[in-house]
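Q: Please model the complete structure; the sequences and the hints are all you need to start from.
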Amino acid sequence: VVEQLVGNLLDVLQERLANSFFPLLQPAIGVGSAFEGWSPHGHDAVYRLLVPLKPPHGHTFHLKLSSAVEIPAKNCYVCVELECTCMKEQLVENTLCFLHHPKELRRVPAASILGTLCTGFYLDVLKTAQWFQNLVRSAWGEMPQSHHYSMKAIFTPSTMWAESYAVAEVKFFRHMARHAPPEALHLKCLQLFAAVLEGTSFSTYTLKTVMMHLLNSVPLERWSRREFLVRLQDILSYLHGCLEEKRLDHFFFGNENMPEDIILPPAFQTAEPINLFKRLVHDPVAHAKAMHEFDELQDR
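For what it's worth, the UniProt record's numbering labels the leading residue of the sequence shown as 1, then goes sequentially.
Since the hints were made in silico from the structure, they are not lab data.
A hint or two may mislead.
To be verified - With a cut-off of at most 30 Å between alpha-carbon atoms, the simulated DSSO-like pairs for lysine-lysine come out as follows:
1) 188 - 289
2) 188 - 246
3) 171 - 289
4) 188 - 127
Claimed, not checked - If you anchor each label on the Cβ, the simulated ranges turn out as follows:
5) 217 - 178: 16 to 22 Å
6) 143 - 229: 33 to 39 Å
7) 178 - 200: 19 to 25 Å
8) 298 - 4: 40 to 46 Å
9) 220 - 281: 30 to 36 Å
10) 192 - 162: 25 to 31 Å
11) 4 - 288: 45 to 51 Å
12) 143 - 24: 18 to 24 Å
Backbone N, C-alpha and C define an ideal beta-carbon position, used for all residues, glycine too.
A: Encoded structure:
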């Protein structure tokens, strides 16, 4: 229902943006626990969807890392550049190449996203989010579902776009679903532990990382109902080992055992693994608290 609702909304928005110089909205991609099949909140699940943006006619997007020292960089900037469309414009009357007609472009700032959604030459997160919110607000009233649902947008300011591995994570769980036997209960294990961890300092992302490592090493046929309790113990043991070593490797960096249908940049496989528990190495108090919470977790 959620995907259909968002898809219908995007159809309206795409029609409105046709022949404009704003980013082109692509089909939404569902991410997070609700789309991975293990939401701990059941019917109250939070549905997260990403709407990819493609550059409009006459523009290109280039990613620039926020740090040349930290590899991989945690964030990036989206640099917007004009591209030559002279050959294309010869086929269309009364159109200009932005790159070779800058004076005309300056007279009509709204003709380019550089004058509307950018700060300097960088796509601005806040401006883009506000633009998208205004689009949704203007189109939402035309949809019959608007009488039954409400929407709001939460902004992330600045020109820096945060990294996300959500799409790769969804692909991983879909890969497992395709290869798992019908009776596999790996998602039930994840769902159960996610509910148990609520109220602790252990994030669901920590749990999901542990599960992805285990799913990549324990054969799927061993996640059956008969071995359900054994697999739950595996999760506890893996988490306990990571806490003792103060190290939990990010699943997508330095992992050479990645399913073939999950395509990542080559630098990911050759990168040094990122320690998600790095803060525990430098903060003895946080480490002691985590170990204490784990002991309480075992008693539940």
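Q: Evaluate each hint against the coordinates.
A: Each hint, compared with the structure:
no. : hint                  : in the structure
1   : 188 - 289             : holds (27 Å)
2   : 188 - 246             : holds (27 Å)
3   : 171 - 289             : violated (34 Å)
4   : 188 - 127             : violated (40 Å)
5   : 217 - 178: 16 to 22 Å : holds (18 Å)
6   : 143 - 229: 33 to 39 Å : violated (47 Å)
7   : 178 - 200: 19 to 25 Å : violated (32 Å)
8   : 298 - 4: 40 to 46 Å   : holds (43 Å)
9   : 220 - 281: 30 to 36 Å : holds (33 Å)
10  : 192 - 162: 25 to 31 Å : holds (29 Å)
11  : 4 - 288: 45 to 51 Å   : holds (48 Å)
12  : 143 - 24: 18 to 24 Å  : holds (21 Å)
The structure is inconsistent with the numbered hints 3, 4, 6 and 7, although it conforms to all the rest.
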